[in-house]
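Protein chains in written order, with the working numbering: chain W, 18 to 431; chain B, 18 to 431.
Accuracy of the hints is not assured; some may be wrong.
For chains that are exact copies, the list does not tell them apart, and a pair is met inside one copy or across any two.
[Unchecked claim] Okay, derived cross-link-like pairs now, DSS-like style, lysine-lysine, Cα gap no bigger than 30 angstroms in a straight line: (1) K248 with K375; (2) K93 with K346; (3) K209 with K332; (4) K375 with K93; (5) K336 with K346; (6) K209 with K33; (7) K346 with K69; (8) K248 with K33; (9) K336 with K411; (10) K93 with K33.
Hints listed in this document are in silico derivations from the structure and should not be mistaken for laboratory results.
Since we're looking at a predicted model, the values are computed, not measured.
So the chains spell out like this:
2 protein chains.
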Amino acid sequence: MLDWEHIFATRSSRMKASEIRELLKLLEQPDIISFAGGIPDPALFPAEEFQKAYSDIFAGPQVNAALQYSVSEGYKPLRDWIVQDVAKIGIDCQPENVFITSGSQQALDYLGKLFLSPKDTALVTWPTYLGALSAFNAYEPTYDQLSLNGNRTPEAYREAAAKSGGAVKFAYLSADFSNPTGETIGLEGREKLLDLADEMDIAILEDAAYQHLRFDGQPIPPIMALDIERKGGIENTRTIYSGSFSKTLAPGLRVGFVIASMPVIRKLVLMKQAADLHSSTINQIAIEQVAARGFDAQVAKIKAAYSERRDFMLKALEKYMPKGTSWTKPEGGMFVWVTLPEGMDGAELLAKSIATEKVAFVPGRAFYADGSNANTLRMSYSCANGEMIEEGIKRLGRLIASASVEEKEALPII
Amino acid sequence: MLDWEHIFATRSSRMKASEIRELLKLLEQPDIISFAGGIPDPALFPAEEFQKAYSDIFAGPQVNAALQYSVSEGYKPLRDWIVQDVAKIGIDCQPENVFITSGSQQALDYLGKLFLSPKDTALVTWPTYLGALSAFNAYEPTYDQLSLNGNRTPEAYREAAAKSGGAVKFAYLSADFSNPTGETIGLEGREKLLDLADEMDIAILEDAAYQHLRFDGQPIPPIMALDIERKGGIENTRTIYSGSFSKTLAPGLRVGFVIASMPVIRKLVLMKQAADLHSSTINQIAIEQVAARGFDAQVAKIKAAYSERRDFMLKALEKYMPKGTSWTKPEGGMFVWVTLPEGMDGAELLAKSIATEKVAFVPGRAFYADGSNANTLRMSYSCANGEMIEEGIKRLGRLIASASVEEKEALPII
């Protein structure tokens with residue numbers, strides 16, 4: 018066998034297997050209660066609406082266009098639909114500001130590619146979406162912890178970046194019901210981030226993959242909307258907003274989007290021409306048809322189901338988790354973030370949990386760019402029913418309680 | 018407006034608008050006779066077969082899986098189908114050696130990403146597929162001219178690469194009916210390339226996008242097949258073969274593939290997890306169904322149509338081109354490559370041609386990594402009928418003849 022390592026680019030050493038993807042394989046075992054996936058519940062897919070959309074495409078005049086190459090920026094009626102949808106949350110833009118991607122994961126890859134030279138710094142929250150770290154890793158950046166309480170100065174970030182051999186290029190975050198914590202950044206935090214980005218002259222990457230899934234509480238304007246308000250129009254903004262149809266309609270079609278000022282969109286279009294030409298034409302048309310016919314009703318259906326599951330999970334955590342364990346109370350999305358007693362390790366707990374209790378979740382360490390905070394777990398309720406949640410959290414609580422005791426017993430007596 | 022340039026990564030300066038993509042817009046003008054596109058003829062798409070495939074997916078037990086996330090390596094039955102299809106041309110491999118991409122353009126992007134650190138050298142033919150140069154450019158390589166007649170030594174390549182500040186990582190080429198020339202590399206050239214790659218310990222990227230479209234002449238084994246034969250099995254090969262369903266079934270679904278040894282496939286899978294998770298699930302299933310039901314008949318239909326159009330074009334060129342103009346005689350694919358009299362410029366000719374004769378083609382310079390050989394044109398016959406070809410080539414011949422005269426007249430008299 019050849020020794021490929023010395024032929025591969027240096028960046029390839031940072032391409033490693035994702036814990037989450039490996040864990041997805043566990044879902045295939047029917048006796049496991051899984052809170053690991055973080056995938057949408059397929060029972061909620063608007064399958065009939067998609068069936069009608071594909072059927073209409075083949076019966077109509079668009080069939081040849083649907084099967085043919087198309088423009089890199091994306092299907093114009095879909096971009097028009099997105100423009101009117103985001104106008105409802107204060108994002109005033111034109112179709113020229115919208116760029117269609119193959120899921121919002123592709124937006125993260127492209128934005129890493131657009132901004133990061135090796136050794137540049139990306140500011141990310143601690144923890145952050147694992148897939149963002151994976152996407153950015155290919156461009157060999159350094160990570161620094163994005164603080165939204167104003168306790169780090171622009172100079173501090175700049176000095177750290179210079180020490181790593183590059184410059185700070187952007188701050189990446191998910192402001193609403195983030196993966197993995199389920200938490201939302203308040204208005205003050207968003208304004209502080211805009212202040213920081215303006216002072217530092219960096220971009221803000223706002224990952225809005227879960228933005229539509231608010232169950233309760235007051236909606237907060239997207240950072241993009243606040244930026245547009247500040248600057249008097251999208252062409253003066255530094256925020257780049259990415260969205261997805263994966264959590265609202267269906268992920269299997271791979272359709273997401275980016276909204277930004279035109280200099281950014283123009284670069285992304287060129288990048289896509291070179292990288293995969295365009296996203297699937299037929300799928301973009303199908304997404305547009307399903308969205309135009311009943312997006313809001315579909316989102317309402319999903320929110321009703323997920324909010325009930327979130328309630329089940331929060332109640333079960335309250336009931337079964339031992340003292341010393343805490344968790345987030347998300348107002349939307351798919352995730353609850355659990356913090357275990359200090360000193361416990363989520364990965365070790367998972368190994369035990371799979372072996373003895375048959376419950377799966379994602380250990381939290383992978384979501385920290387520095388691999389810290391091993392005593393955390395990501396729990397998804399999106400694909401679980403009330404009974405599974407009750408039983409799974411009960412087993413997990415039992416395991417955590419016994420693991421805490423074991424660890425205490427193992428302490429050296431001095 | 019912000020000054021984005023200093024925030025963008027250095028690689029972004031190499032992302033430029035593609036002449037071909039800009040030219041595609043000309044196709045929308047109905048009075049232009051276009052040989053520019055290089056896209057498949059939509060009248061030949063197996064639309065009914067795709068209609069049945071999508072309809073079956075929604076009527077069957079696969080519907081939820083088709084709309085859901087799926088594995089990064091690709092849909093297993095499609096990989097199985099590819100294994101049996103390529104076995105017919107001497108590529109003996111397992112499904113684990115097959116990786117599904119979003120069109121073969123994505124394969125080029127990923128392979129650039131996998132192999133090229135900035136300043137590394139990619140060997141490419143002169144001319145080469147423009148989209149390969151665009152894909153590789155993002156990784157900031159240097160290009161050197163791949164010679165298949167053995168007149169450059171490994172040392173010469175290595176010295177040139179070292180001078181540019183990197184190492185030679187791969188040789189990229191399309192061996193059958195290449196875009197843009199339509200030419201095929203003979204068996205001797207393929208063997209020489211394998212010798213060179215073995216001596217230099219580099220990868221070979223074999224772009225087989227047009228491989229199925231042979232109209233006449235003897236098939237030549239793919240470089241991948243020769244490599245497997247030499248090394249006794251795919252795991253010892255250094256060739257990476259990329260294929261596409263865009264030219265045989267339909268490009269709008271964005272489904273292509275890579276075949277390689279497992280260390281390469283494993284890296285590509287990790288890369289895809291990070292870059293866009295996976296190619297569209299529903300489209301992969303649809304492609305597999307259409308391919309399994311009648312791939313060979315579909316390919317036969319396309320070949321019959323395109324070979325007739327190639328014949329029309331070669332006859333028209335013979336009839337109308339002025340002396341001093343030459344062209345390739347492709348045995349398959351979609352393109353004829355025209356060399357104009359020395360000193361003429363394809364881009365200037367296009368400007369005149371659009372203005373006065375209403376005939377479009379692609380100027381050849383963009384296909385040369387060094388921007389040389391301006392006196393060349395790429396002509397595609399895939400979407401033209403006999404009448405259009407006769408009329409278009411007639412007008413073009415007239416224009417070239419008059420342009421040659423003009424240029425002669427413009428020579429200073431000394």
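Here is how each hint holds up against the structure:
1. K248 with K375: neither (52 angstroms within a copy, 46 angstroms between copies)
2. K93 with K346: So K93 and K346 fail the 30 angstroms test inside a copy (39 angstroms) and across (39 angstroms) alike.
3. K209 with K332: neither (34 angstroms within a copy, 70 angstroms between copies)
4. K375 with K93: Result: close only across copies, 28 angstroms inter versus 47 angstroms intra.
5. K336 with K346: within (15 angstroms within a copy, 78 angstroms between copies)
6. K209 with K33: Neither, since 34 angstroms and 35 angstroms both go past 30 angstroms.
7. K346 with K69: For K346 and K69, the Cα distance exceeds 30 angstroms both inside one copy (38 angstroms) and across copies (46 angstroms).
8. K248 with K33: Result: close only across copies, 28 angstroms inter versus 40 angstroms intra.
9. K336 with K411: within (8 angstroms within a copy, 84 angstroms between copies)
10. K93 with K33: Between copies only: 22 angstroms across, 37 angstroms inside.
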